[in-house]
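A.B. asks: Each chain, letter by letter, is given below.
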Amino acid sequence: MNTDIALSIEDLNFSYGKKKALDRINFKIQPGECTLLLGPNGAGKSTLFSLITRLYDSRGGRIELCGFNIKQQTRKALAKLGVVFQQTTLDMDLTVMQNLRYHTALHGMGRKQSMLRIQEELERLNMFDRRFEKIRQLNGGHRRRVEIARALLHKPSLLLLDEPTVGLDVPSRQDIVDHVHRLAADENMAVLWASHLIDEIYPDDHVIVLDKGQIKANGTVNEVLQLTGTSTIKDAFNRLTQGAQA
Amino acid sequence: MNILHYWRAMWGIIGRELRRFITQRERFISALVRPLIWLFVFAAGFRSALGIAISPPYETYILYEVYITPGLIGMIQLFNGMQSSLSMVYDREMGSMRILMVCPLPRWFLLLSKLLAGTAVSILQVYVFLGVAWLYEIQAPWQGYLWVLPALMLSGMMLGALGLLLSSFIKQLENFAGVMNFVIFPMFFMSTALYPLWKIRESSALLYNLAQYNPFSQAVELIRFALYGQFNREAFIYTLVAFAVFMAAAIIGYNPSKGMMTGKGGA
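In the order they appear, the protein sequences are chains Z and V. According to this note's numbering, the residues represented by the first sequence are 3 to 248, in order. According to this note's numbering, the residues represented by the second sequence are 12 to 278, in order.
Don't read these hints as lab results, they were simulated from the structure. No residue lacks a Cβ here, since even glycine has one placed at the ideal position from N, Cα and C. Please note that a few of the clues may not be correct.
[What the hints assert, rightly or not] To list a few chain Z residues with every Cβ distance to chain V over 12 Å, as calculated:
(1) 85
(2) 118
(3) 149
(4) 185
(5) 213
(6) 214
(7) 230
(8) 233
[Said to hold, decoys possible] Simulated pairs of lysine to aspartate or glutamate, DMTMM-like, Cα-Cα distance not exceeding 20 Å:
(9) Z:136 - V:102
(10) Z:157 - Z:125
(11) Z:214 - Z:165
(12) Z:136 - V:28
(13) Z:136 - V:37
Make a model of the complete structure from these sequences and hints.
C.D. replies: Here's what the structure looks like:
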């Protein structure tokens with residue numbers, strides 16, 4: 003059991019019937035590291051996320067979160083995990099506070115601790131003043147902020163984000179990209195961010211390029227550029243996925 | 012993981028469901044209007060066509076409206092159970108089910124809490140319905156209103172577990188119309204909700220058998236007897252066993268390595 007590694011994936015395979023969705027996936031994410039998972043549609047990103055969150059069960063391979071095996075120590079592993087799903091998962095008719103209190107209840111947090119953590123996370127995202135508003139009244143960017151705040155309430159070691167900026171305007175997207183990168187740096191949190199937007203990558207990030215269920219590249223931005231002999235991540239991505247649409 | 016965690020999570024799930032129900036006024040009203048139409052229109056029309064002989068738990072001749080009331084209570088819970096399962100399919104398609112499934116608690120406990128939450132909502136609806144029925148002079152002995160509570164909990168859990176089980180098999184929201192045709196209607200009409208068993212027997216032996224073994228009938232009878240301060244042991248055991256079977260199957264259905272996820276996902 004290695005607790006220095008936030009996420010460890012070894013020899014992971016997954017198939018939908020006869021169609022192989024993930025083929026011998028191996029990678030590790032260290033605390034404080036922001037890893038962008040890039041891949042065209044259908045590359046296997048969502049399947050990988052479903053396996054890490056144990057919505058699907060794999061028969062081949064091994065997933066460990068902070069040293070806890072997701073199959074054998076599911077609850078300990080899930081306690082270390084914060085997730086922002088691609089589709090919004092908030093209750094539209096409930097307030098920001100009610101949505102967040104629901105999450106803290108699911109994680110067994112008491113009232114006092116919940117209130118404290120909700121305040122901390124909402125203030126960090128400039129959303130505290132809007133805590134009594136219904137989700138329906140918020141715009142897409144603000145809803146995303148609430149979802150990110152929610153994913154952090156129980157202080158996870160690994161934050162998973164599944165294309166969280168889809169459908170947002172440029173300033174909202176930039177806010178979220180900056181915030182998540184700050185989290186990795188300041189809180190020593192490991193981040194796995196599935197995206198198909200190249201401009202969300204910072205120079206210090208790790209990049210994993212996934213295509214047709216296989217990892218085509220895994221390394222820092224510079225390493226990936228060197229590997230492909232290209233000067234931009236966009237070109238590298240295109241070369242690795244042979245021009246597949248990102 | 013301690014008991015307090017379970018306790019807080021369970022109340023979190025129940026509280027969310029109740030809050031959602033109260034804020035969705037249309038859902039509240041439609042849940043109430045359906046049985047009231049049956050009571051005010053259907054039952055009133057049938058009153059003269061259908062004579063009900065004295066049979067337990069009733070000690071005198073009763074109006075058809077009185078007979079049908081426990082059946083309509085069952086109907087509220089049946090629809091509510093199915094609606095909960097509809098919302099689970101919706102939640103799964105929309106993703107909010109995932110928030111529940113990735114929290115660090117055993118899946119069986121999360122499903123059970125979800126079931127308790129749905130049952131709490133249905134009980135709320137039932138008491139409002141009973142209040143309106145009381146004003147319409149369909150009145151049970153006052154103790155009946157207390158005795159019916161545990162019966163409602165069990166019947167609500169049983170019907171909710173059936174909904175949960177169905178939701179683990181339904182892959183898309185569109186398939187839900189089938190549930191309406193193949194589950195809700197047959198269960199409701201082939202039961203003792205609208206007519207007593209002996210009356211069904213007069214017309215068809217097959218229908219009589221189907222109605223007798225229909226778990227919905229047993230739930231309705233449990234409610235009917237409880238509302239008049241009596242305990243129907245047979246109905247209680249039958250409903251309890253049906254709940255256990257549906258719940259166990261639903262838990263298997265939601266297990267990522269055995270149930271719907273493999274069906275959806277593969278190996």
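A.B. asks: Taking the earlier hints as the rules, which of them does this structure contradict?
C.D. replies: Violated hints: 1, 3; rest satisfied.
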